[in-house]
Amino acid sequence: MNLNEYFSLVFSDYTLRTITLGTAILGAVCGMLGSFAVLRKQSLLGDAISHAALPGIAIAFLITGAKDSNTLLIGALVSGLIGTFWIKGITTKTHLKSDTALGLILSLFFGFGMLLLTFIQKQPNANQAGLDKYLFGQAATLVESDVWLMAIVTGLCLVVILLFWKEFKMLLFDPDYTKTLGFNTRIIDILITSFIVLAIVLGLQTVGVVLMSAMLLAPAAAARQWTNSLGTMVILAAFFSAFSGVFGTAISASQNNLSTGPVIVLVASVFVLFSFIFSPSRGLLFRHIRFIKNRRDLEQHKTLAFMYHIAKTHDTISHPHTIKILNNFQGFTRGTLQKLVKKNYVELDGNMWSLTEEGFKTASNLYNQQNNE
Amino acid sequence: MAQNIAVKVDDLTVAYNYKPVLWDIDLEIPEGVLMAIVGPNGAGKSTLIKAILGILPPIAGSVTIYGKPYKKQRALVAYVPQKGSVDWDFPTTALDVVMMGTYGSLGWIKRPRQKEKKAALEALEKVGMLAFKNRQISQLSGGQQQRIFLARALVQNASIYFMDEPFQGVDATTEIAIINILKELRKAGKTVIVVHHDLQTVPEYFDWVTFLNVKKIATGPVKDIFNDDNLTKTYGINYKVSIQE
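Note that the protein sequences, when read in sequence, are chains A and B.
For the first sequence, the residue numbers in the working numbering are 777 to 1149.
For the second sequence, the residue numbers in the working numbering are 379 to 623.
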């Protein structure tokens, strides 16, 4: 099945529809919450939480022996929350910085989870196959009830974000100030963090513990490039993330069930790369173009101002000069003068350059402007 | 002159880990003064403000605002944090930041409306930043960012203003603009407390001063206590400033 077939079947085929809807909803909620995580500089928290969820999945399987996704996700939720609280505890109660705490918890939980997975795989239980899908995700395993759960959590998350929009925004920007206004910042913090944990846990089945954080961060990082408004950023991130989810799943499902997580992450990375280069205000490309243009303008202004300066010492403004006299920049003078000729600010007669009436006026304006600033 | 006490601090002690940053501070700030808090780096100046405002938990001590606990009097108090305490690349506009000053009176969930927006625009005008209202905050200069923070506090329409180094990294024009606003606040009967670094300008800008170095060294009218003796006690070195009359 190729991509075209996949998308032509999405509306008619029940399984494909379920998967597509699921990844779209998951993407939307991850994009929204990812924006908050990125702006709080807690990008790595998501990574730690998702890795911390792995032992929970394994333990839930060991206890129940069932592979039902809801049971396993409850396990993931519990161990994800434990990991989160430990990180917060380590940062507040010890001298360790948060990146160290994140790294510690991430590797500890993930290591323990991997140990349990290996242990489970050695057991003579036919049911254990497929648990490793939680490492890199397999969207094809999504069923309708999973999608419903995602939809409910996403809807709830949306309501909370809309209700507490101003509180969230203020906390993200200036937590100390938020406190002085009488808001309980801990409640806002817990609200945001809980939803991030929930979104991550919901995404484990599709994207997997290893790469789940990219689903949160990449779309948000891309969205930040295009806008200076928090609202627009959240919406854009949700859109990018949903698209990455749907498209990534489509690629993975149409190519012999590749692991979904890596494909989704690659699609999201394309958004990031594109945004970093092509965003009009923050992108590398336009920034470089602006830089070159500014430098060129500056060179022209300087040359013009220099000629104006000399012209003032002569009786006529169009007193011609050789390039030698005007050559006060290293190598740029001839090119700059030629550009000024094109603008009709400078005349060339043989090898003598002189200001035109228009050039003189422009230069004197420039000169006054600079002095006024 | 019997003045009301705007802020009263009793036995305030704050510590990071084991080391006390503020030790047993007693402080009475009369209503209507423009007060500088001065002291060397690490003296606990910002910490004092943060502890008074409940941002940092004190180990001991209490703070009352007009005779009642601070928590009941929040509406009377506005805060201007250090400019460097936030990320100015945050995706928002100058007007939006100033609007935050109205969030306290709005309370949870309620959205700002026309009335709040009008108040924010007025505050922007007061600090001379109305033309920049839709500017992304990262595209403002340091001095402009400081004015935005000031405007946000002005919107709160408080009686007492706490400001953490509002003159840090601003040019001379902005400094004059800010001090004029502070003097206007005092004229309107407000109390303004400012963490300040430039000792030279203390006599010119302020009428009240607190010397702080972990402990309170002295507090009172500038003309009475801003002298070499207190400066030496606070800064530990033999300090000579000439106070021009």
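Hints listed in this document are in silico derivations from the structure and should not be mistaken for laboratory results.
Just so we're clear, the structure is a prediction, and the values are computed from it rather than from any experiment.
There may be inaccurate statements among the hints.
Where chain B lies over chain A, by a calculated footprint (3+ residues, C-beta under 8 Å) [as the list claims (entries may be wrong)]:
no.	segment
1	939 to 953
2	996 to 1007
Partial pick of chain B residues on the chain A-facing surface, computed with a CB cut under 7 Å [to be verified]:
no.	residue
3	Tyr-457
4	Pro-459
5	Gln-460
6	Tyr-481
7	Arg-513
Each residue gets a CB set at the ideal place from its N, CA and C atoms; glycine is no exception.
Hint by hint, here is what the structure shows:
For the segment 939 to 953 of chain A, the stated coverage by chain B is satisfied: 12 residues place a CB nearer than 8 Å to a CB of that chain, which reaches the threshold of 3. Under a criterion of three residues with beta carbons nearer than 8 Å to beta carbons of chain B, the stated coverage of the segment 996 to 1007 of chain A is upheld, 5 such residues being counted. Because the smallest distance between the Cβ of Tyr-457 (chain B) and any Cβ of chain A comes to about 4 Å, under 7 Å, the interface hint for this residue holds. The beta carbon of Pro-459 (chain B) is positioned within 7 Å of a beta carbon in chain A (closest approach about 6 Å), and the interface hint is therefore held.
At its closest, the beta carbon of Gln-460 (chain B) sits 9 Å from a beta carbon of chain A; the interface hint therefore is violated under the 7 Å criterion. Among the interface hints, the one on Tyr-481 (chain B) holds; its C-beta lies about 6 Å from the nearest C-beta in chain A, closer than the 7 Å criterion. Evaluation of the Arg-513 (chain B) hint against chain A yields a violated restraint, the C-beta minimum of about 9 Å exceeding 7 Å.
This entry does not satisfy hints 5, 7, going by the numbered hints stated previously.
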